[in-house]
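There are 2 protein chains.
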Amino acid sequence: MDMTRVAVNGYGVIGKRVADAVKLQPDMELVGIADIATDWRIKTAAGRAPIYAATTEAAGDMRAAGVDVAGTLQDLLGRVDIVVDTTPKHIAAGNIERYRQAGVKFVLQGGESHKTTGHSFVAQANYDSALGRESTRVVSCNTTSIVRILGALRDAGLLLKARGVLIRRATDPWESHLGGIMNTMVPEPSIPSHQGPDAQTVLPDLDLVTIAAKGAHTQTHNHYWTLQLTREATREEVLDAFRAAPRIAFIRISDGLVALNSTIELMRDLGRPRGDMWEVALWEDLVTVNGDEVYLTYQVFNEAIVVPETIDAIRALTGLAPDAAASMAITDATFGMRKSFLETPGAAS
Amino acid sequence: MDMTRVAVNGYGVIGKRVADAVKLQPDMELVGIADIATDWRIKTAAGRAPIYAATTEAAGDMRAAGVDVAGTLQDLLGRVDIVVDTTPKHIAAGNIERYRQAGVKFVLQGGESHKTTGHSFVAQANYDSALGRESTRVVSCNTTSIVRILGALRDAGLLLKARGVLIRRATDPWESHLGGIMNTMVPEPSIPSHQGPDAQTVLPDLDLVTIAAKGAHTQTHNHYWTLQLTREATREEVLDAFRAAPRIAFIRISDGLVALNSTIELMRDLGRPRGDMWEVALWEDLVTVNGDEVYLTYQVFNEAIVVPETIDAIRALTGLAPDAAASMAITDATFGMRKSFLETPGAAS
Chain P
-1 MDMTRVAVNG
9 YGVIGKRVAD
19 AVKLQPDMEL
29 VGIADIATDW
39 RIKTAAGRAP
49 IYAATTEAAG
59 DMRAAGVDVA
69 GTLQDLLGRV
79 DIVVDTTPKH
89 IAAGNIERYR
99 QAGVKFVLQG
109 GESHKTTGHS
119 FVAQANYDSA
129 LGRESTRVVS
139 CNTTSIVRIL
149 GALRDAGLLL
159 KARGVLIRRA
169 TDPWESHLGG
179 IMNTMVPEPS
189 IPSHQGPDAQ
199 TVLPDLDLVT
209 IAAKGAHTQT
219 HNHYWTLQLT
229 REATREEVLD
239 AFRAAPRIAF
249 IRISDGLVAL
259 NSTIELMRDL
269 GRPRGDMWEV
279 ALWEDLVTVN
289 GDEVYLTYQV
299 FNEAIVVPET
309 IDAIRALTGL
319 APDAAASMAI
329 TDATFGMRKS
339 FLETPGAAS
Chain C
-1 MDMTRVAVNG
9 YGVIGKRVAD
19 AVKLQPDMEL
29 VGIADIATDW
39 RIKTAAGRAP
49 IYAATTEAAG
59 DMRAAGVDVA
69 GTLQDLLGRV
79 DIVVDTTPKH
89 IAAGNIERYR
99 QAGVKFVLQG
109 GESHKTTGHS
119 FVAQANYDSA
129 LGRESTRVVS
139 CNTTSIVRIL
149 GALRDAGLLL
159 KARGVLIRRA
169 TDPWESHLGG
179 IMNTMVPEPS
189 IPSHQGPDAQ
199 TVLPDLDLVT
209 IAAKGAHTQT
219 HNHYWTLQLT
229 REATREEVLD
239 AFRAAPRIAF
249 IRISDGLVAL
259 NSTIELMRDL
269 GRPRGDMWEV
279 ALWEDLVTVN
289 GDEVYLTYQV
299 FNEAIVVPET
309 IDAIRALTGL
319 APDAAASMAI
329 TDATFGMRKS
339 FLETPGAAS
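Note that the protein sequences, when read in sequence, are chains P and C.
Using our numbering, you'd call the opening residue of the first sequence number -1 and step up by one each time.
Using our numbering, you'd call the opening residue of the second sequence number -1 and step up by one each time.
It is possible that some hints are incorrect.
Remember, identical chains collapse to one label, so a pair may be satisfied in a single copy or spanning two.
To be verified - List time: in silico EDC-like cross-link candidates among lysine to aspartate or glutamate, alpha-carbon distance up to 20 Å:
#: 1; residue 1: Lys337; residue 2: Asp59
#: 2; residue 1: Lys21; residue 2: Asp0
#: 3; residue 1: Lys41; residue 2: Asp321
#: 4; residue 1: Lys21; residue 2: Asp274
#: 5; residue 1: Lys212; residue 2: Asp283
#: 6; residue 1: Lys21; residue 2: Asp126
#: 7; residue 1: Lys113; residue 2: Glu132
#: 8; residue 1: Lys159; residue 2: Asp274
#: 9; residue 1: Lys41; residue 2: Glu291
Everything labelled a hint here was simulated from the structure, so no lab data went into it.
Keep in mind the model is a prediction, meaning the values are calculated, not measured.
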């Protein structure tokens, strides 16, 4: 099999995870990483892949800091089929022209707007429409989780409308020293928050409204939903819809997984790289069905959930896999994705 | 006018505030405070009212600690018309028999169950049904806020059903050293949470479901609601319903009141005792009307919101005021209750 040659531009929270994930794929080769950092953040990339300077100016600084620089982003783009841009929000949009001139396909992240690529991606929802495109945008962590959860009920013909409250983490752990909110809550300054419309870029027919706020914790988001169904349903029907959908794993208060920190510790105990959780963790015992309404809450590991989606986006754009199921089967096997965290993987559905 | 003689049993977060509030009332006399504490908590009561020992055993300890003890709770009960029990959750239920034997009326707090008194109280909702009763229970801070907010829309004929997410504070500031949750979120272990049914003890016809979680902050609760109206309404109609209701004050992101901490600091700047906020602070500019749905968020100062309610409950049980409006007019004037925090009180509606 020809290996698809991949570049990662931006070695931050998402980029470093995407880089590692690309290396796990049997059909991809990580050709290089580009960044402008000169400190520990880029130095941990040494030995994982050749490092390129994202700008000519950065090349000198990086070399002066002892980083082994293989060339510039321009050089790197000449050696790959596709680039995953994981630079900070709004930087990526400015890079598009360079990618086009180099003739490489590109995957952007959720910090960019839908119109930058004209396509927004969640593997299980719309892989097909990304097949062979020049580019797509993997939506944000919050939006990805919404599409997975609401998409599962929609695919089961059960979802009429959804109203959600999203309590976001204050800031990412690695940059907590830069300041996040502390001992307070900060409602987003408008209702609906942007995540609702963002999910509609993937599933345009969803009737959903999101209200968001930042909480005073630094790890993972926590969503609370009231869902109106198309009809009265049993709890088992609702759970079955979630069981049938990929990348949603049940957790249970009855297992002692009682709060966000429980799951974070569990991921460490499972030996996951960086303690990542790629699945949406849905509290099974809190899924409550009341006539034609469902109430539920789940946890979104914001640093990791979009990483498998990004891998699938690479396959969709380059045509490496013909459909979502084929791509996700490879991705999920290489990641060790689970439907349940406490049963033996082989025994779990 | 005969002064109603009031005792406060339990000089904690609520009790100390009720004691001060009783002293502000022109028709009440604070006869004494009872507690079992021997440390700073009871020593700050010195000079505010005579201090009684809640138990005979406590009397010795309190005297040994230098507290000037005027007698026991039994003595105090012989000198009052009514006792407000603000002892810790589930202690109050055990005190009821003593109150009955002493022939004094009693007000319990929201930690006790509805059946302990058979009546649950929010002044603006059901003052009348408490008139002349032996006892009532002032519902919890969360429930009080729910009744005020949903009651306002119900009274305007606008509310069909309500689905809310309540993010509670981790612990009260004064007892933060005892441990609260930190850097996580803890969903309540069942949906619906108890606050929905609790609000129905005051307004039985409310169609509401609450989902609750604890956040990692220590001051004030924050509620997020999706409300279904009886019909499509304009934003002004909805705001008018809140303007017409007592004890709801608008705050605005456009005024820089952007998070829970903003309002907490504002209360200090307004010179309020202990920085208390007795009103429900509703973000006016986040009240969003979408056809027949309303989305909104508000802040509940959990240490203070039930204090004016408790004062009104005293009036209702003892018949000091014939109706809610008469009682609340006195209470609100003595507290300095506001409909808006930034306009001059005289100019505000």
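Exercise for the section: Since the copies are identical, ignore which copy is meant and state whether Lys41 and Glu291 lie within 20 Å (CA to CA) inside a copy, between copies, both or neither. Expected result: neither (51 Å within a copy, 52 Å between copies)
Problem - Alpha-carbon proximity between Lys212 and Asp283, which holds within one copy, between copies, both or neither at 20 Å - result: between (25 Å within a copy, 18 Å between copies)
Practice task
With 20 Å as the alpha-carbon cut-off, assign the pair Lys21 and Asp126 to within, between, both or neither.
Solution key: Neither, since 24 Å and 71 Å both go past 20 Å.
Exercise for the section: Go through the copies and call it for Lys41 and Asp321: within, between, both or neither, with a Cα cutoff of 20 Å. Expected result: neither (37 Å within a copy, 73 Å between copies)
Exercise for the section: Measure nothing new, just compare the shortest in-copy and cross-copy C-alpha distances for Lys113 and Glu132 to 20 Å and report within, between, both or neither. Expected result: Only inside one copy: Lys113 and Glu132 sit 13 Å apart there, 66 Å across copies, limit 20 Å.
Practice task
Up to 20 Å between alpha-carbons, please classify Lys159 paired with Asp274: within, between, both or neither.
Solution key: Neither way: Lys159 and Asp274 sit 31 Å apart in one copy and 39 Å across, limit 20 Å.
Handout entry: Within, between, both or neither, where Lys21 and Asp0 count as close if Cα-Cα is 20 Å or less
Key = Answer is within; shortest intra-copy Cα gap is 15 Å, inter-copy 84 Å.
Practice task
Have a look at Lys21 and Asp274 and pick one of within, between, both or neither, based on CA distance no larger than 20 Å.
Solution key: Intra 16 Å, inter 57 Å, cutoff 20 Å: intra-copy only.
Exercise for the section: Evaluate Lys337 and Asp59 at a C-alpha cut-off of 20 Å and name the case that applies: within, between, both or neither. Expected result: Neither, since 45 Å and 58 Å both go past 20 Å.
Checked against the numbered hints above, the structure breaks hints 1, 3, 6, 8 and 9 and satisfies the rest.
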